[in-house]
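Participant: Can you make the complete structure from the sequences, with help from the hints?
Below are the chains, spelled out letter by letter.
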Amino acid sequence: MDPALKFHHIGFVVESIAASVEGFVRSLGAQWDGCVYEDPNQKVKVTFLATRPGDPQIELGEPVGEDSPVLRFLREKGSGLHHVCYEVDDLERGMAEMKSRGAMIARRPKPAVAFQGRRIAWMLTVEKMLVELLEISAGTEHRPLP
Amino acid sequence: MDSVATRLTNCFQTVFPDLPAAQIPAATQQSVAAWDSTAAIMLINVIEDEFGLEVDFDRLAELDSFERICAYLKAQQATPAAADGSGA
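Here the protein sequences line up with chains A and B, keeping their order.
Using our numbering, read the first sequence as starting at 1 and increasing by one per residue.
Using our numbering, read the second sequence as starting at 1 and increasing by one per residue.
Just so you know, the hints here were simulated from the structure itself, not pulled from any lab data.
Hints may contain errors.
[To be verified] Pairs of lysine-lysine, DSSO-like flavour, derived with a Cα cap of 30 angstroms:
1) Lys6(A) to Lys77(A)
2) Lys110(A) to Lys77(A)
3) Lys43(A) to Lys74(B)
4) Lys6(A) to Lys110(A)
5) Lys99(A) to Lys43(A)
6) Lys6(A) to Lys74(B)
7) Lys43(A) to Lys77(A)
8) Lys110(A) to Lys74(B)
9) Lys6(A) to Lys43(A)
[Stated by the list, open to error] Ranges of calculated distance between the beta carbons of each label pair, as one might list FRET restraints:
10) Gln77(B) to Phe7(A): 40 to 46 angstroms
11) Ala96(A) to Ala26(B): 25 to 31 angstroms
12) Gln13(B) to Arg75(A): 36 to 42 angstroms
13) Lys128(A) to Gln30(B): 20 to 26 angstroms
14) Lys6(A) to Met1(B): 25 to 31 angstroms
15) Ala71(B) to Ala19(A): 38 to 44 angstroms
16) Gln31(A) to Ala71(B): 45 to 51 angstroms
17) Pro25(B) to Ser16(A): 15 to 21 angstroms
18) Ala22(B) to Gln31(A): 55 to 61 angstroms
[Stated by the list, open to error] Now the stretches of chain A that chain B is said to cover, found in silico as 3 or more residues with beta-carbon under 8 angstroms:
19) 71 to 79
20) 103 to 109
Just so we're clear, the structure is a prediction, and the values are computed from it rather than from any experiment.
Virtual Cβ for every residue (Gly too), placed ideally from N, Cα, C.
Facilitator: In structure tokens form, the structure reads like this:
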């Protein structure tokens with residue numbers, strides 16, 4: 001494992017956050033702060049669940065609009081695990097290192113509403129695993145847990 | 001077949017090796033079963049390498065056929081400044 005990568009969350013795609021979040025809370029014994037973020041750049045709504053403090057979180061993602069990339073995933077594969085997210089100090093360097101290992105760019109860096117404008121980028125590994133890279137900003141390495 | 005179409009055909013052959021060459025010009029996401037969201041990302045990366053440009057990934061949903069991608073590439077070549085998708 002690249003020491004520059006810090007596991008942040010896993011992403012699970014759902015048709016509706018409102019219809020599914022309570023089930024995830026119940027199944028995982030997770031905590032949910034009730035915040036749902038709509039991101040026009042990513043064309044999704046997302047919310048986060050936390051289990052043990054310090055552990056990676058679980059992101060539920062819901063498509064927004066007919067051109068949402070998540071909608072396509074949902075139509076092809078249904079609800080399910082979608083991606084893993086790692087924090088990196090330097091987004092461009094993180095992307096370059098993944099590219100050097102054969103990964104492809106799936107989306108170039110853009111600010112993300114759910115991360116207070118921190119930039120994210122998407123990579124697809126040789127194994128076809130979708131990886132979200134989240135740029136670390138000073139003092140915001142992890143969202144505060146409830 | 002013009003140069004853009006020929007080079008794009010090569011890209012399709014790289015990503016969809018099982019797709020007969022004769023079917024490539026008419027290929028669409030609906031007609032090619034292997035053209036899923038993962039293949040779409042791979043195709044764009046291969047096209048970027050082949051044509052030396054950055055495709056705006058926000059337009060991925062509309063680049064859903066050989067014909068549309070070919071038209072997009074020709075438009076990008078006509079206006080090189082627009083080829084950089086990073087400003088999107």
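Participant: So, for every hint listed, does it hold in this structure?
Facilitator: Okay, the hints, checked on the actual structure:
Distance hint between Lys6(A) and Lys77(A) is fulfilled; the C-alpha atoms sit about 27 angstroms from each other, no more than 30 angstroms. Under the criterion of a C-alpha separation no larger than 30 angstroms, the hint pairing Lys110(A) with Lys77(A) is consistent with the structure, at around 25 angstroms. Pair hint Lys43(A) plus Lys74(B) holds up; C-alpha atoms about 27 angstroms apart against a cutoff of 30 angstroms. Between the alpha carbons of Lys6(A) and Lys110(A) the distance comes to roughly 19 angstroms, so the proposed pair stays at or under 30 angstroms and holds.
Annotation: proposed proximity of Lys99(A) to Lys43(A) holds, straight-line Cα distance about 25 angstroms (limit 30 angstroms). The suggested pairing of Lys6(A) with Lys74(B) is violated, with an alpha-carbon distance near 41 angstroms, which exceeds 30 angstroms. Between Lys43(A) and Lys77(A), the direct Cα distance comes to roughly 18 angstroms. Compliance with the 30 angstroms bound is thereby established for this hinted pair. Pair hint Lys110(A) plus Lys74(B) holds up; C-alpha atoms about 26 angstroms apart against a cutoff of 30 angstroms.
Pair hint Lys6(A) plus Lys43(A) holds up; C-alpha atoms about 25 angstroms apart against a cutoff of 30 angstroms. Checking the proposed 40 to 46 angstroms range against Gln77(B) and Phe7(A) shows it holds: the Cβ atoms sit about 42 angstroms from each other. Under the hint 25 to 31 angstroms, the C-beta atoms of Ala96(A) and Ala26(B), about 37 angstroms apart, miss the expected range. Gln13(B) and Arg75(A) have their C-beta atoms about 26 angstroms apart, which leaves the hinted 36 to 42 angstroms range violated.
Remark: the range hint 20 to 26 angstroms for Lys128(A) to Gln30(B) is upheld by a beta-carbon distance near 22 angstroms. In this structure, Lys6(A) and Met1(B) break the distance hint of 25 to 31 angstroms, their C-beta atoms being roughly 48 angstroms apart. A hinted range of 38 to 44 angstroms for the beta carbons of Ala71(B) and Ala19(A) is consistent with their spacing of about 39 angstroms. Range check, Gln31(A) to Ala71(B): Cβ separation about 49 angstroms, and the 45 to 51 angstroms hint holds.
About 40 angstroms separates the C-beta atoms of Pro25(B) and Ser16(A), a value inconsistent with the hinted range of 15 to 21 angstroms. At about 57 angstroms, the beta-carbon gap between Ala22(B) and Gln31(A) stays in the expected band of 55 to 61 angstroms. Look at the segment 71 to 79 of chain A against chain B: 3 of its residues bring a Cβ nearer than 8 angstroms to a Cβ of that chain, three or more, so the hint holds. Beta-carbon proximity to chain B at under 8 angstroms applies to 5 residues in the segment 103 to 109 of chain A; the threshold of 3 is reached and the given coverage holds.
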